[in-house]
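A.B. asks: Let the sequences and hints guide you as you build the complete structure.
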Amino acid sequence: MTDLVVTTATDGGEVLADAARVGNKFARQEVLRRAGFRVPEFFCLPAAAFDEALDALRPSLPAAPADGADRAEVESWCAAAREALGGARLPVALAERIRKEFAAVAGPEGLVAVRACVVPAGTGTDGAADAPENDAAEAIGEDSAVDPFAGMSDSFLYVDEDGLEDAVLGCWASAFNPQAVRYRTLRGLDPLRARVAVGVQRMVLGTRSFVAFTRDPRDGAVRRVVAAAYGIGEGVVQEKADIDHFFHDPATDEVTALTVRKQWSMGLAEGAAAGAPVLLPVAGELADVPVLDDDQVRAVAELAARVEELFGVPQDIEGALTEDGVVHLLQARPLVTAPPTAGTSPATGAAAAGTAPATATADAATEEPGNDQVYWGNHNITESFPGVSGALTFSQSREFYRRSFTDLYRRMGVPESWVRDNAHRLARMVGYLEGQVYYRLDDWHALHGQMPMFELVRRGWEQAMGITGPARGERRWAAPAVALALPRLAWRSALHPWQVKSFLRWWDRQMAEAETIGDSPEELIAFYRRLWERAGERWGVTLVNAFIALVVLGAGSVLLRRWTGEGPQVLVGLMGGGRENRSLEAVRAAMGLAELVGAVPELRAAVLDDASDPEQLWQRIVEGQHGAAVRDAARGYVARYGDRALHDLKLEEPTPRQRPWTVLALIRPLVRQGATVAASRADEQAAARKARERLHEVLPNPVRRAVLLGVTSLARDLARIREDTRFCRTQLFGLSRDVMWRLGAELARTGVLDDALDVADLTVEEVIGAFDGTGTVTDLRALVALRRTQRERWAKNPQRPALLGTPAGLPLARALPRASAVGKAAAADDGLLRGIGSSGGVVRGRAKVVLDPSTDPDLAAGRILVARETDPGWLFLMMSATGMVVERGTLLSHTAITGRLLGVPTVVAVPGATTAIADGAWIELDGAAGTVRLLPPSEQPQEPGESEQPQESGEPEAPVGTAPTDGTATTEKGDRT
1 MTDLVVTTAT DGGEVLADAA RVGNKFARQE VLRRAGFRVP EFFCLPAAAF DEALDALRPS
61 LPAAPADGAD RAEVESWCAA AREALGGARL PVALAERIRK EFAAVAGPEG LVAVRACVVP
121 AGTGTDGAAD APENDAAEAI GEDSAVDPFA GMSDSFLYVD EDGLEDAVLG CWASAFNPQA
181 VRYRTLRGLD PLRARVAVGV QRMVLGTRSF VAFTRDPRDG AVRRVVAAAY GIGEGVVQEK
241 ADIDHFFHDP ATDEVTALTV RKQWSMGLAE GAAAGAPVLL PVAGELADVP VLDDDQVRAV
301 AELAARVEEL FGVPQDIEGA LTEDGVVHLL QARPLVTAPP TAGTSPATGA AAAGTAPATA
361 TADAATEEPG NDQVYWGNHN ITESFPGVSG ALTFSQSREF YRRSFTDLYR RMGVPESWVR
421 DNAHRLARMV GYLEGQVYYR LDDWHALHGQ MPMFELVRRG WEQAMGITGP ARGERRWAAP
481 AVALALPRLA WRSALHPWQV KSFLRWWDRQ MAEAETIGDS PEELIAFYRR LWERAGERWG
541 VTLVNAFIAL VVLGAGSVLL RRWTGEGPQV LVGLMGGGRE NRSLEAVRAA MGLAELVGAV
601 PELRAAVLDD ASDPEQLWQR IVEGQHGAAV RDAARGYVAR YGDRALHDLK LEEPTPRQRP
661 WTVLALIRPL VRQGATVAAS RADEQAAARK ARERLHEVLP NPVRRAVLLG VTSLARDLAR
721 IREDTRFCRT QLFGLSRDVM WRLGAELART GVLDDALDVA DLTVEEVIGA FDGTGTVTDL
781 RALVALRRTQ RERWAKNPQR PALLGTPAGL PLARALPRAS AVGKAAAADD GLLRGIGSSG
841 GVVRGRAKVV LDPSTDPDLA AGRILVARET DPGWLFLMMS ATGMVVERGT LLSHTAITGR
901 LLGVPTVVAV PGATTAIADG AWIELDGAAG TVRLLPPSEQ PQEPGESEQP QESGEPEAPV
961 GTAPTDGTAT TEKGDRT
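Sequential numbering of the sequence shown, starting at 1, is according to my numbering.
Bear in mind the hints are in silico, worked out from the structure with no lab data behind them. Incorrect hints may have been included.
As the list claims (entries may be wrong) - Pairwise CB distance ranges (calculated): (1) D70 / A299: 47 to 55 Å; (2) G413 / L286: 33 to 41 Å; (3) L205 / R689: 47 to 55 Å; (4) G413 / R814: 35 to 43 Å; (5) A299 / G107: 40 to 48 Å.
These numbers come from a predicted model, not from an experiment. All residues carry an ideal CB built from backbone N, CA and C; glycine is no exception.
C.D. replies: Structure (structure tokens):
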């Protein structure tokens with residue numbers, strides 16, 4: 001009978017060294033142990049134990065799918081097997097045996113790590129092959145030289161004796177994890193033949209951990225690379241801890257380092273005896289100390305080299321340093337430098353298992369590109385280009401980024417020759433991933449990295465861009481270089497206010513010139529070319545503003561924390577008030593129009609009546625049938641603010657300039673609420689006054705208080721400039737939309753296109769080329785039909801992650817199916833979600849989850865708006881809401897600024913909010929603390945008699961709030977304090 005628990009004492013190590021029985025992971029550990037490496041004690045439950053457990057459960061499982069069964073049937077069976085294994089119990093004899101071996105390995109009060117390892121299929125319990133010869137692909141196992149199967153099976157750390165049985169069962173169940181099933185299918189392997197061995201190893205309580213490569217995984221160079229973090233290795237492998245990187249040159253023995261400020265490590269929760277690892281704060285005195293010193297890096301590099309010498313191929317090892325400084329080797333695997341593909345013939349025998357020297361290197365078996373990744377992010381660009389965009393929009397956005405950032409780098413002192421040499425990077429700052437606009441982050445890192453001053457704002461910038469984990473860039477400039485660049489930054493900051501005023505005056509002249517342009521294609525194209533050429537010479541000013549704002553906000557946050565111990569919420573409140581920006585002017589112009597409409601009873605009733613024809617009603621308004629004041633306000637709004645709308649940077653979407661009657665839908669909730677400009681300004685001033693009073697409480701020192709007020713005043717001015725220039729950007733795209741639509745109308749009139757709006761599926765150059773003779777396609781109808789079909793198909797795809805990686809070196813069409821998400825959405829912990837508090841106040845109410853911003857603003861009235869992102873066109877939804885929760889954003893994002901200006905409690909950067917919060921759920925939002933709490937039934941306000949309350953046509957039910965905590969009146973919009 002096959003022994004279901006194997007140790008060095010029971011079998012002399014023969015089974016433990018057999019990858020066909022215990023998997024590559026544990027076989028290598030046994031080889032390393034024999035060779036004298038410091039490997040923690042362990043024992044194994046070979047794959048035969050898994051086989052027996054699964055066989056015992058088969059009578060209760062559905063019939064196994066036949067060969068050729070469809071994917072859904074296979075996945076359904078695997079899900080049933082996973083549930084059955086996870087819920088089973090071990091035979092009494094086996095449970096007693098593993099408890100006995102636990103005591104021998106870890107001691108009765110010790111802890112172990114319990115890990116699964118996928119074993120090559122097609123071997124019987126005695127290790128002999130019984131698979132058909134044409135099933136060579138099934139010889140692939142976890143941690144093989146061909147395919148690491150990384151992350152496909154489960155591991156459990158800090159396991160005590162009481163948790164041992166559940167951990168073993170969890171490892172077995174992970175053979176059928178959904179991601180493992182899909183991965184095996186993708187690789188051409190049979191998910192039903194998955195087999196798992198389990199290793200139980202003494203838990204090394206490391207204070208520092210590392211992953212080391214004997215080759216640089218970026219380019220395959222003979223350079224040892226070490227990634228290290230405080231705490232256990234899970235923080236490095238899962239990229240949850242803050243990680244230092246070290247590079248050791250074996251030729252010179254030189255060590256170089258790229259270090260970060262360490263805030264988080266992973267380990268056992270404080271006071272816990274066992275359990276899953278958690279994030280732990282790094283001690284302040286260690287935050288800026290490299291995790292490893294140079295000698296320790298050399299020791300780790302030498303350890304990795306010895307492992308490579310033993311196995312004969314480049315290695316990827318994991319290890320830990322205990323408090324006494326001793327290095328422990330936890331895992332070793334071949335360094336995989338090329339992704340496997342279905343049908344690849346894997347290495348077999350000893351070389352595949354890594355149990356003996358091999359003659360072939362791991363990167364010689366395939367012509368696929370290496371492990372390098374291209375990272376893409378749309379964390380904040382999606383507020384400008386949400387969902388799927390047409391070819392016209394993408395081509396215009398690409399031109400905008402190329403021109404404006406070229407101007408930024410010149411203004412920031414980057415040499416002209418370098419800018420020219422990196423024109424290819426500037427041309428691909430944004431990418432088109434099946435219709436969604438993403439930043440290509442490697443180019444952003446390379447471009448921004450040419451500015452030494454960028455190191456001052458790197459952390460804040462990465463947070464704003466949603467960049468985390470391996471997508472983060474490396475520090476490029478040492479402190480002395482940054483210090484030398486500070487005078488230039490100071491000079492640039494001193495000139496900035498004058499340059500902004502000059503920019504805004506220039507832009508207003510462009511808008512005036514646009515009114516004089518004729519209708520001929522020649523005039524339209526000439527104006528468009530002039531406009532963008534001039535914009536490319538000036539738009540960098542707006543980006544310099546963003547850079548300075550990040551520096552100022554960072555400085556303000558540091559001073560506030562150092563002098564008061566308070567978080568950024570005080571700083572957020574102090575940024576309210578001040579002169580109105582152009583975006584807020586647009587909001588208050590709409591409020592003013594709503595006030596005038598509300599003052600005319602007949603007109604008010606017509607605007608609130610869903611049965612009214614908006615186009616006809618608008619026509620009566622602008623003809624003066626409801627008075628000159630309303631007529632002039634309506635015309636003036638469209639003339640000045642007609643480019644501001646939902647999706648106003650997407651050229652395929654109309655704005656009030658093209659569809660002026662849509663203004664009525666925007667002002668309807670304002671009319672119903674009786675919103676006034678005076679009340680809006682009063683709310684804003686009251687919030688600012690409250691923030692100043694709070695600062696006086698927490699910072700009695702008048703000198704320091706004056707300094708902080710000065711910093712926040714500057715931050716407020718920079719935020720106002722940001723919104724002013726964003727409004728100019730809206731108008732820039734608005735003028736481009738107007739030109740393209742007018743050219744589209746001419747193409748439709750002459751029969752080149754079927755409809756004027758078909759230009760949405762052409763690029764800017766294709767539209768212009770149809771007139772000036774530079775186009776390369778004559779049948780534009782066919783091109784439009786192709787792209788429209790493609791765009792409609794993409795629109796049905798699931799939302800892609802905000803941050804993802806694709807294999808480098810492949811055409812995007814081939815790389816995108818292999819894309820993997822970077823980072824994870826945070827789940828609610830005890831009903832609490834956390835983000836960045838960006839506009840103070842506490843409000844309770846029902847959530848309105850909005851994934852489509854074309855939602856009628858009425859539906860957000862009296863609700864707390866929950867969204868993935870917002871753009872300036874969401875203003876009217878925001879104004880209807882009692883609070884805002886947004887998955888993306890920063891203190892300087894549009895949502896944050898607007899929330900402060902409108903006095904609406906707001907929390908941004910709340911990962912996973914739209915999935916964690918159900919539409920209609922009762923929540924409590926604290927805009928100062930940056931928290932969102934899901935209210936249990938016991939705390940949800942009673943809503944007696946709601947059905948009996950008379951409401952106007954189309955008016956949603958407003959939540960009844962609980963009593964405010966500070967005596968503020970509860971408004972019809974909810975309970976806000």
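A.B. asks: All hints, please: hold or fail.
C.D. replies: Hints and how they fare:
1. D70 / A299: 47 to 55 Å: holds, 53 Å
2. G413 / L286: 33 to 41 Å: Holds, since G413 and L286 (Cβ atoms, about 35 Å apart) stay within the stated range.
3. L205 / R689: 47 to 55 Å: At 53 Å between Cβs, range holds.
4. G413 / R814: 35 to 43 Å: The hint (35 to 43 Å, Cβ to Cβ) holds, given that G413 and R814 are roughly 39 Å apart.
5. A299 / G107: 40 to 48 Å: violated, 28 Å
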